[in-house]
Amino acid sequence: MHGLGRTVLILRDACKKYPIRGVKLHPAHYTLHPYGELTVDLCREAGKLGLPVLFHCGDEMMCLPLQIGELAKKCPDTTVILAHMGGFAHNRDAIEVAKTCPNVYVDTSEVPLCKEIKWFVDELGPEKVLFGTDAPCCDPLVELKKVQLAGLTREELEYVLYKNAVRIMKLEDKEEGGR
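The numbering of the sequence shown is the UniProt record's numbering, which starts it at 1 and goes up by one.
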C-alpha cells in the first residue's frame, strides 16, 4: 500500500498506541495541495478519529489561509487550525475563513504584534483563537507574553490559553473535575 492509504493506516495505528491529540501539516514541506484529494482524505480520517488538524499558514505556496479554507469546507467534521493566524500578510483572509467555516480556528504562534491577537479575538470571539508556540522554533515564554500583553479580558485569556485546547483536543479540564 502506498501514499495516503499507508498514511491513514499509520495514523490509525498511532492513535491506538499513543495519546495523540492532533495532526500538524505543513503543505510546503510535503508538496501536496492543501485541498487536493490526498490531503482531504487524510483530514477526513483525522476528523473521524477526533483529531484536529493544524496547518502551517504563511506566504509559502500551498500554505495560504484561503487554500486551507477550501479544505475545511470539504471536511466540515474535522477541526482545522490555521497556525500563525494565517501569516502576517494574510491575516484578513484567515479571519474571513474562520468566520465562514465553523470548523476553523486560528492559533497565536509567531504573531509579531500583540494588537493582532486582540484584533482576532475581537473579530472572531475568544472561542476561535488558541494559544500556540511553534516550539522549538519560537520561545514559548515569548509567545505566552505576547498573549498576556494583548489586552484581553480574563475570560478571553482563559479561552485562548486553555479552554479552547481542552475542548478541541478533548482533554480533561482540572477545574471541571479532571486529573
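A few of these clues could be false.
[Unchecked claim] Using 25 Å as the maximum straight-line C-alpha spacing, the simulated DSS-like pairs for lysine-lysine come out as follows:
no., residue 1, residue 2
1, Lys-145, Lys-24
2, Lys-73, Lys-115
3, Lys-146, Lys-163
4, Lys-170, Lys-17
5, Lys-118, Lys-99
6, Lys-48, Lys-128
7, Lys-118, Lys-17
8, Lys-163, Lys-118
9, Lys-24, Lys-99
[Stated by the list, open to error] Simulated restraints on C-beta separations:
no., residue 1, residue 2, range
10, Asp-13, Glu-155, 20 to 30 Å
11, Asp-13, Lys-74, 20 to 30 Å
12, Leu-9, Asp-59, 27 to 37 Å
13, Pro-19, Leu-144, 15 to 25 Å
14, Leu-144, Met-169, 15 to 25 Å
15, Glu-116, Glu-37, 30 to 40 Å
16, Val-142, Tyr-162, 10 to 20 Å
17, Asp-139, Leu-9, 17 to 27 Å
18, Glu-172, Ala-89, 18 to 28 Å
19, Lys-17, Leu-171, 12 to 22 Å
20, Glu-37, Ile-10, 30 to 40 Å
By construction, these hints were calculated from the structure, which means they are not laboratory data. Note that CB positions come from ideal geometry on N, CA and C, so glycine has one too.
- Hint by hint, which ones does this structure get wrong, listed from lowest number up? 2, 7, 10, 17, 18, 20
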